[in-house]
Every structure is written in structure tokens, then in C-alpha cells.
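Number of protein chains: 2
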Amino acid sequence: MTEPVLRYIGIVHSDISELADAPKNYTESDRTGTLEIFSEYGDALDGIAAGQTIVVLFWLHRSSRNVLKVYPRGDRSRGLRGVFSTRSPVRPNPIALSELEVCSIDGNLIAVKGLDMLDQTPIVDIKKKID
Amino acid sequence: MTEPVLRYIGIVHSDISELADAPKNYTESDRTGTLEIFSEYGDALDGIAAGQTIVVLFWLHRSSRNVLKVYPRGDRSRGLRGVFSTRSPVRPNPIALSELEVCSIDGNLIAVKGLDMLDQTPIVDIKKKID
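Residue numbers (our numbering), protein chains in the order written: chain A, 17 to 147; chain B, 17 to 147.
Think of the hints as simulated: they come from the structure by calculation, not from any bench. Treat the hints with care, as some may be off.
Treat identical chains as interchangeable: a pair holds within one or across any two.
[Said to hold, decoys possible] Derived SDA-like pairs: lysine to any residue, alpha-carbon spacing no greater than 25 Å straight-line:
| hint | residue 1 | residue 2 |
| --- | --- | --- |
| 1 | 85 | 24 |
| 2 | 85 | 63 |
| 3 | 145 | 18 |
| 4 | 40 | 122 |
| 5 | 144 | 18 |
| 6 | 40 | 145 |
| 7 | 85 | 47 |
| 8 | 129 | 82 |
| 9 | 145 | 17 |
| 10 | 144 | 41 |
| 11 | 144 | 47 |
| 12 | 129 | 87 |
| 13 | 144 | 113 |
| 14 | 129 | 94 |
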């Protein structure tokens with residue numbers, strides 16, 4: 017099977033510009049920011065509203081794709097672990113998953129809370145959260 | 017930015033061969049099956065063990081990428097909705113997300129429960145579940 021090319025559907029606007037300043041994950045973040053969805057995908061946003069929790073997939077464009085073992089959270093005391101047993105940003109397909117609260121939506125701009133992504137991170141999908 | 021090419025890290029083996037037979041999502045499935053991870057990614061599995069819940073991302077290779085609105089679950093009474101407000105398999109990047117119970121792991125073969133994927137569906141990522 018031919019492996020597919022991802023389509024970037026939007027981009028993150030956040031005040032997180034350095035990796036050292038990024039929360040470890042969305043459960044540890046109260047940071048706010050904006051998901052800008054590109055206009056050609058605007059129709060796909062119909063039904064998203066303030067107050068919802070959405071599942072957002074990002075492409076971590078600065079992550080290595082060639083590392084298979086890491087020290088989780090940089091803690092060497094527990095030894096190396098396979099990336100598939102962690103939430104490390106480093107993995108063969110560096111797709112990150114966050115559950116974010118929708119603060120408001122205005123056209124193709126979704127204001128969110130819980131953001132743990134660098135400014136300019138590409139967005140690849142948004143899903144309804146299954147309760 | 018250049019959009020990236022996904023790497024298939026493995027493939028699903030399940031007894032679900034028809035879309036009509038597939039559970040709507042993992043919360044409605046008690047089906048079992050096997051995730052075969054390709055040998056070049058075997059090291060990334062270190063730390064995965066029976067009893068864990070893992071988050072698995074799949075590439076829905078049979079889904080359309082060019083539909084932006086759908087009738088959720090085929091129910092026309094509620095009208096069309098944007099795919100990003102649904103769990104429809106149809107979306108610009110047809111990545112599916114399931115939380116699966118690890119029944120056992122033997123080398124590169126992970127036996128799982130809760131499977132809602134067709135046989136031969138490509139796997140693109142596995143993550144630890146955040147509790």
C-alpha cells in the first residue's frame with residue numbers, strides 16, 4: 017500500500033514559542049490559544065460550539081521520527097522505554113493528541129483552553145470527544 | 017511547510033471484513049484482534065504490557081478525504097454536520113483513534129480487545145493513555 021501524504025487543515029496560534037515553555041500535556045495546561053482552520057476546511061467545523069471538549073490531532077513538525085526509545089519525561093532513573101508506551105513527542109509519526117475546551121468559535125478561528133502546543137504547530141484533525 | 021508522508025508502523029488483523037459489520041466505535045466493541053507491528057518498529061513497543069489501555073491511531077485507507085459534511089451515523093433527521101464535530105471515518109485525514117485493552121503481547125504482536133477496525137487497516141501510532 018502507498019503511504020499517504022497528510023493534509024494540514026490549520027495551524028496553532030499560541031504564546032508558547034519554546035519547547036522548554038510547553039506544558040507536558042493537555043491535562044497539565046490551562047494555556048489558551050487559537051486554532052486557525054484553513055478556509056477550504058471551514059465547512060467541516062459546523063457543529064463545533066463553545067463549551068464542548070474537542071479531540072485535536074497535531075503534527076509535531078519539530079520532532080524526530082527516527083528515535084524508538086526515550087527516557088520518559090527526561091527522567092533517566094526509570095530507564096529507556098519504547099516510544100509507543102509513552103506520550104513522547106518523538107515517534108515515527110509525530111502526531112500529538114490533545115483534548116481541548118472550546119472557549120468560542122468565530123468563523124474559522126477556534127479559541128481553546130488546555131493548549132500544550134508550540135505556536136505554528138500544524139493541525140491535522142479535529143474529532144468529537146466520546147464521553 | 018511541506019506536508020509529511022505517514023509511515024505505516026503496522027497492520028490490523030481482525031475478523032471484521034465488511035464496513036457494515038464494524039462497531040461504530042471502540043466504546044461499543046468487545047471484538048478482539050491483533051495489532052501486528054512491523055519488525056523495524058519493535059523496539060518502540062518496550063513497556064507495553066497486558067492489562068494496559070493503549071491509544072491507537074489508524075489510517076482508514078478506504079475512507080474518502082474529500083467530504084466535509086455528513087449525516088452523523090447516517091441519521092438524516094438531525095441534518096448535515098461538519099466532519100470535525102463528529103467521529104465519522106470520512107475526513108481530510110482519515111485517522112481513527114481507539115482506546116484498546118492489551119490482552120497480551122508476544123514480540124511484535126499485540127492481542128487487543130475493543131477493536132472497531134477492518135482487517136488490514138494500517139496502524140500509524142500507539143500512545144500511553146493519560147489517566
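Cross-check of the supplied hints:
In the homo-oligomer, the alpha carbons of residue 85 and residue 24 lie at most 25 Å apart only across protomers (18 Å), although the nearest pairing inside one protomer, at 27 Å, exceeds that limit. Taking CA atoms no more than 25 Å apart as the test, residue 85 paired with residue 63 passes between copies only; the shortest distance there is 10 Å, against 40 Å inside one copy. Taking identical chains as interchangeable, the C-alpha atoms of residue 145 and residue 18 are never at most 25 Å apart, the minima being 30 Å within one chain and 29 Å between chains. For the homomeric pair residue 40 and residue 122, neither the shortest alpha-carbon distance inside one copy (28 Å) nor that between copies (31 Å) is at most 25 Å.
Proximity of residue 144 and residue 18 under a CA criterion of 25 Å is satisfied in neither setting, with 28 Å inside one chain copy and 27 Å between copies. When the C-alpha separation of residue 40 and residue 145 is checked against a cutoff of 25 Å, the pair qualifies both within a copy, at 21 Å, and between copies, at 14 Å. Proximity of residue 85 to residue 47 under the C-alpha cut-off of 25 Å is found in neither arrangement, the shortest distances being 29 Å within a copy and 30 Å between copies. For a Cα distance limit of 25 Å, the shortest separation of residue 129 from residue 82 qualifies neither inside one copy, at 31 Å, nor across copies, at 29 Å.
Taking the shortest Cα distances, residue 145 and residue 17 never come within 25 Å of each other, neither inside one copy (30 Å) nor across copies (29 Å). Taking the shortest Cα distances, residue 144 and residue 41 sit within 25 Å of each other both inside one copy (19 Å) and across copies (12 Å). Proximity of residue 144 and residue 47 under a CA criterion of 25 Å is satisfied in both settings, with 21 Å inside one chain copy and 23 Å between copies. For the homomeric pair residue 129 and residue 87, neither the shortest alpha-carbon distance inside one copy (28 Å) nor that between copies (28 Å) is at most 25 Å.
In this assembly of identical chains, residue 144 and residue 113 lie within 25 Å of each other by CA distance both inside one copy and across copies; the values are 13 Å within and 11 Å between. In the homo-oligomer, the alpha carbons of residue 129 and residue 94 never lie at most 25 Å apart, since the shortest distance is 32 Å inside one protomer and 29 Å across protomers.
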